[in-house]
Amino acid sequence: MGNDLSDAFLDILREVGNIGAGNATTALAGMINEKINLSVPKADILGFDELVNVAGGVEDIVAGIYVDISGDLDGVMMFMVDFNTAKKLIQILMGYEKKPDATDPSQFSDIELSALTEVGNIITGSYLTAISSLLDMTILPSIPSLCIDMAGAILSVPAIEFGKQGDTALLIESQFNLIDDVVNGYFAFIPTEDSYNNMLRVLSRY
Amino acid sequence: MCDIFRVGMADAKVCKAPDKLTTLGLGSCVGVVVYDEERSIAGLAHIMLPDSNSIRQNSNKYKFADTGIEKLVEMLIYKGAGRNNLKAKLAGGAQMFKFMSDSDSMKIGERNVLAVQEKLASLSIPVISSDTGGNYGRSIEFDIATSELTIKAIGHEIRVI
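Chains as they are written, first to last, in our numbering: chain U, 1 to 206; chain A, 1 to 161.
Pulled out of the complex, with its shape left as it was, chain U reads as follows:
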């Protein structure tokens, strides 16, 4: 098990998360033409029961973009925004005068959903590109997939993936929000155990 990661290594992984999320929020800020605050990232070893709670309440509605990662690094990348933020992003991207008044995700149109998926695609892509050049590792993301549902149900997907390997996973997370707090989002990067050992090997050369 990889529970013996030292604090120094977790610090390095936090910095990796910061660089990824920094690049991604810059891309998002450019897209919506607003300033974005990025909180201090966290890197922790979590049990999967904790993993499903990281993005707030288990039953809160969130929009999640899921990307499978392969190449020199294996794992999962997730980008999540709360329901209100999803509506705000749709408003900005579609050029609507106000937010769509959907009360549940089935009321979004296909084009609205694909706009949201595209945001996720660009954002996760920017995050992974930054990490890839920092580590000089090839990272191949899968086609992103969108799901809007209860946070717990969405996070069960990466939890199950990691349940196959053990009872814990390394989670590198960053949160962001707009100055006026209308847009809140969350990045979760969950490399497999082999992969974070590889990352640490690369980083310890510096």
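For the record, the hints were derived by calculation from the structure and aren't laboratory data. Quick caveat: nothing in here was measured; it's all calculated off a predicted structure. Quick reminder that beta carbons are idealized off the backbone N, C-alpha and C, glycines included. Just so you know, not all the hints are guaranteed correct.
[To be verified] Some chain A residues close to chain U (C-beta under 8 Å, calculated; not the full set):
#: 1; residue: 10
#: 2; residue: 63
#: 3; residue: 154
#: 4; residue: 155
[To be verified] Just the calculated beta-carbon pair ranges, DEER-fashion:
#: 5; chain 1: U; residue 1: 101; chain 2: A; residue 2: 152; range: 21 to 29 Å
#: 6; chain 1: U; residue 1: 165; chain 2: A; residue 2: 152; range: 28 to 36 Å
#: 7; chain 1: A; residue 1: 161; chain 2: U; residue 2: 106; range: 15 to 23 Å
#: 8; chain 1: A; residue 1: 80; chain 2: U; residue 2: 107; range: 43 to 51 Å
#: 9; chain 1: U; residue 1: 101; chain 2: A; residue 2: 98; range: 22 to 30 Å
#: 10; chain 1: A; residue 1: 159; chain 2: U; residue 2: 103; range: 12 to 20 Å
#: 11; chain 1: U; residue 1: 205; chain 2: A; residue 2: 74; range: 48 to 56 Å
#: 12; chain 1: A; residue 1: 160; chain 2: U; residue 2: 15; range: 46 to 54 Å
#: 13; chain 1: U; residue 1: 103; chain 2: A; residue 2: 55; range: 36 to 44 Å
#: 14; chain 1: U; residue 1: 97; chain 2: A; residue 2: 5; range: 43 to 51 Å
#: 15; chain 1: A; residue 1: 79; chain 2: U; residue 2: 49; range: 20 to 28 Å
#: 16; chain 1: A; residue 1: 161; chain 2: U; residue 2: 49; range: 24 to 32 Å
#: 17; chain 1: U; residue 1: 33; chain 2: A; residue 2: 145; range: 50 to 58 Å
#: 18; chain 1: U; residue 1: 96; chain 2: A; residue 2: 148; range: 41 to 49 Å
[Stated by the list, open to error] Here are the simulated DMTMM-like cross-link-like pairs (lysine to aspartate or glutamate), alpha carbons at most 25 Å apart as the crow flies:
#: 19; chain 1: A; residue 1: 98; chain 2: U; residue 2: 49
#: 20; chain 1: A; residue 1: 98; chain 2: U; residue 2: 110
#: 21; chain 1: A; residue 1: 152; chain 2: U; residue 2: 101
#: 22; chain 1: A; residue 1: 107; chain 2: U; residue 2: 167
#: 23; chain 1: U; residue 1: 164; chain 2: A; residue 2: 110
#: 24; chain 1: U; residue 1: 164; chain 2: A; residue 2: 66
#: 25; chain 1: A; residue 1: 71; chain 2: U; residue 2: 50
#: 26; chain 1: A; residue 1: 107; chain 2: U; residue 2: 110
#: 27; chain 1: A; residue 1: 61; chain 2: U; residue 2: 193
#: 28; chain 1: U; residue 1: 164; chain 2: A; residue 2: 70
#: 29; chain 1: A; residue 1: 107; chain 2: U; residue 2: 59
#: 30; chain 1: A; residue 1: 98; chain 2: U; residue 2: 104
#: 31; chain 1: A; residue 1: 71; chain 2: U; residue 2: 161
#: 32; chain 1: A; residue 1: 13; chain 2: U; residue 2: 60
#: 33; chain 1: A; residue 1: 13; chain 2: U; residue 2: 161
#: 34; chain 1: A; residue 1: 107; chain 2: U; residue 2: 161
#: 35; chain 1: A; residue 1: 13; chain 2: U; residue 2: 49
#: 36; chain 1: A; residue 1: 98; chain 2: U; residue 2: 82
#: 37; chain 1: A; residue 1: 71; chain 2: U; residue 2: 49
#: 38; chain 1: A; residue 1: 61; chain 2: U; residue 2: 161
#: 39; chain 1: A; residue 1: 87; chain 2: A; residue 2: 110
Position chain A relative to chain U; hints supplied.
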């Protein structure tokens, strides 16, 4: 007065009426209720994966359909349930994300449901009702006094099975 016991991922609990059992935000996992109506005792397991034999790290019994249900039944009998009275209800096993590839790992919800059904059949525990599949998450609550399983999902009517 009743207590509502919350079951987390890869966990299980057994209790008696008038208590209730709940698990929130089931995605591809399956919530399995096994109950003895006569003695008003029930257990709920939150199963994540179909098969403990295909995985090296399998010490957590409740994570898997095969070992999880076995252990749940053991615990029910230990707490006074009658082996021949046991019945089951299940919910969950959704496919949350539509992936381009239809690789095995992405059909985990469906595989979980099948594994649960097979395990229950091998123990001769009849499945009275179920609400599985689809592409949405579920929160479930089992009322031991009435044997009713209530299922909530976003954008869907509340169902009682």
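The hints, checked one at a time:
no.	hint	in the structure
1	10	holds (7 Å)
2	63	holds (6 Å)
3	154	holds (5 Å)
4	155	holds (4 Å)
5	U:101 <-> A:152: 21 to 29 Å	holds (22 Å)
6	U:165 <-> A:152: 28 to 36 Å	holds (31 Å)
7	A:161 <-> U:106: 15 to 23 Å	holds (21 Å)
8	A:80 <-> U:107: 43 to 51 Å	holds (48 Å)
9	U:101 <-> A:98: 22 to 30 Å	holds (25 Å)
10	A:159 <-> U:103: 12 to 20 Å	holds (19 Å)
11	U:205 <-> A:74: 48 to 56 Å	holds (51 Å)
12	A:160 <-> U:15: 46 to 54 Å	holds (50 Å)
13	U:103 <-> A:55: 36 to 44 Å	holds (40 Å)
14	U:97 <-> A:5: 43 to 51 Å	holds (48 Å)
15	A:79 <-> U:49: 20 to 28 Å	holds (23 Å)
16	A:161 <-> U:49: 24 to 32 Å	holds (26 Å)
17	U:33 <-> A:145: 50 to 58 Å	holds (57 Å)
18	U:96 <-> A:148: 41 to 49 Å	holds (42 Å)
19	A:98 <-> U:49	holds (24 Å)
20	A:98 <-> U:110	holds (14 Å)
21	A:152 <-> U:101	holds (22 Å)
22	A:107 <-> U:167	holds (21 Å)
23	U:164 <-> A:110	holds (16 Å)
24	U:164 <-> A:66	holds (15 Å)
25	A:71 <-> U:50	holds (23 Å)
26	A:107 <-> U:110	holds (23 Å)
27	A:61 <-> U:193	holds (22 Å)
28	U:164 <-> A:70	holds (19 Å)
29	A:107 <-> U:59	holds (23 Å)
30	A:98 <-> U:104	holds (18 Å)
31	A:71 <-> U:161	holds (23 Å)
32	A:13 <-> U:60	holds (24 Å)
33	A:13 <-> U:161	holds (24 Å)
34	A:107 <-> U:161	holds (12 Å)
35	A:13 <-> U:49	holds (15 Å)
36	A:98 <-> U:82	holds (20 Å)
37	A:71 <-> U:49	holds (19 Å)
38	A:61 <-> U:161	holds (17 Å)
39	A:87 <-> A:110	holds (21 Å)
Hint compliance for this structure: every hint is met.
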